[in-house]
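> This is what each chain is made of:
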Amino acid sequence: MKVSYYPGCSLHGTAKEYDQSVRSVSRALGIELEEIEDWSCCGASSAHNTNFKLSIALPARDLIAAEKKAQDVMVPCAACFNRFKTAEHHLCHDPALKAEVEEIVGGRYQGSVAVRNPIDIIANDIGLEVLSAKVVKKLAGLKPVSYYGCLLLRPPEVCRFDDAENPVLLDRILTALGAEARPWSFKTDCCGGSLTISKTAIVTKMVDKLMAMACEAGANCLVTACPVCTANLDMRASGGAGLPVFYFTELAALAMGQEGPEGWFRLHRTDPRPLLQGLGLL
Amino acid sequence: MKTFLEEVNEKINGVPIQRCYHCRKCSAGCPMTSAMEHNPNQVIKMIQLGRRDAVLNSATIWLCVSCETCITRCPNEVDIARMMDVLREMAIGTGVGAKEKNILKFHEAFLANIRMGGRINEPSMMVHYKLKSGDLFSDMAMGIDMFMKGKLSLVSPRTKDMGNVRRIFEKTRQS
Chain A
74 MKVSYYPGCS LHGTAKEYDQ SVRSVSRALG IELEEIEDWS CCGASSAHNT NFKLSIALPA
134 RDLIAAEKKA QDVMVPCAAC FNRFKTAEHH LCHDPALKAE VEEIVGGRYQ GSVAVRNPID
194 IIANDIGLEV LSAKVVKKLA GLKPVSYYGC LLLRPPEVCR FDDAENPVLL DRILTALGAE
254 ARPWSFKTDC CGGSLTISKT AIVTKMVDKL MAMACEAGAN CLVTACPVCT ANLDMRASGG
314 AGLPVFYFTE LAALAMGQEG PEGWFRLHRT DPRPLLQGLG LL
Chain B
68 MKTFLEEVNE KINGVPIQRC YHCRKCSAGC PMTSAMEHNP NQVIKMIQLG RRDAVLNSAT
128 IWLCVSCETC ITRCPNEVDI ARMMDVLREM AIGTGVGAKE KNILKFHEAF LANIRMGGRI
188 NEPSMMVHYK LKSGDLFSDM AMGIDMFMKG KLSLVSPRTK DMGNVRRIFE KTRQS
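Protein sequence lines, in the order shown, are assigned to chains A and B.
Heads up: take any position in the first sequence, counting from 1, add 73, and you land on this note's numbering.
Heads up: take any position in the second sequence, counting from 1, add 67, and you land on this note's numbering.
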């Protein structure tokens, strides 16, 4: 299948291992990515915190650009995904706002392309059987907890693709990779998001709680699909005592025996290599 | 003259917040209540009581991290996350400013970075925030570590049609 691709700003910066692993895994699964032409930032939390119209107009610019191709749009970053889905929701339900935003952006929005997260595309379009058939190195001994955070699934009537309180697709993907996903109750708890810069102490407290609960669930790592969640979990645990954190696509690439994972793991603050070497996975 | 409640409801443009019957599901699920001076359902009551200054001057509206747990669980579909956005916009628009100054400074640095290049360049955005906030030295060791690992790109691709991006900022500017 062919999809339009919106990497977003983080995937060109601190989350480059997410970008590279999404591209690598997509290639192996037969998903062809076409980057949206001349995309711009979605505005993330800063736009909607201070200026509603700007928070709709910025993703609308990208959606309109994506509509030149009649194909789904893959948005791996949870924050971008949420802003795209929210903009789509408002543009489809508020004709007056839509007209105003079209004038601001200078283009017509048709509502013709679907915004999708790679978890959704891999689990539902490609299928877990296909994924599992590509696995050459089962992730035996790896006990991850799935961590969705806030922005992939809330609010449910906007994001839709998995259960908002107890989502299961990421667990199923990890199981297909041969890992032993651990059940826990904190899949959609908050990591503190962008307050990590301006209110670090609060975020450290939130991350410490998530780490403690992951340990209690018997996990040896956490798995995410969000650059902000990953940054907070990987860098904000007090005393650097956190468990390793992976993007789910990094683990998929590792299980599929692809080139690249070791270089990506080097970029993590909490080095996951000792864990993987101990399990004979690296 | 409109009441504070009417003003907030008009800006939310959805379910009127007085539908809240204070079951406190929002406050029970909110990850930020321990840092807030008012719980989310209390903010609704304060708006109904017309306590404009107390609400717009609170740290609460800035500490809301927009996780949207409240709107997901509200039995009456009151969009508290959107309400917090509206209150922040009102605090800025009426000149009250932000009780949590650095949170607003972060948002300003973030948006200024988009306005400059169409996309966020993380290192330059952080330098801008640090200069604005005066919080120069926190996370310095972490930043150096990230730079050494090659995680920070000092130069990153920009949007080409910057005229279009700037026009969006111009046309959405709040008077």
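No wet-lab data here; the hints were simulated from the structure.
Incorrect hints may appear among the rest.
Claimed, not checked - Capping the alpha-carbon separation at 16 Å, the derived lysine to aspartate or glutamate pairs in EDC-like fashion look like this:
(1) B/Lys216 - A/Asp262
(2) B/Lys78 - A/Asp167
(3) A/Lys142 - A/Asp111
(4) B/Lys227 - A/Asp111
Remember, it's a predicted structure, so these values are computed and weren't measured experimentally.
> Give a verdict on every hint.
Against the structure, the hints:
Of the pairs offered as hints, the one joining B/Lys216 and A/Asp262 is violated, with about 29 Å between alpha carbons and a cut-off of 16 Å exceeded. Using a Cα cut-off of 16 Å, the hinted pair B/Lys78 and A/Asp167 holds, with the two alpha carbons roughly 13 Å apart. Between A/Lys142 and A/Asp111, the direct Cα distance comes to roughly 14 Å. Compliance with the 16 Å bound is thereby established for this hinted pair. In summary, the hint linking B/Lys227 to A/Asp111 is supported, as the alpha carbons are separated by about 6 Å, within the 16 Å threshold.
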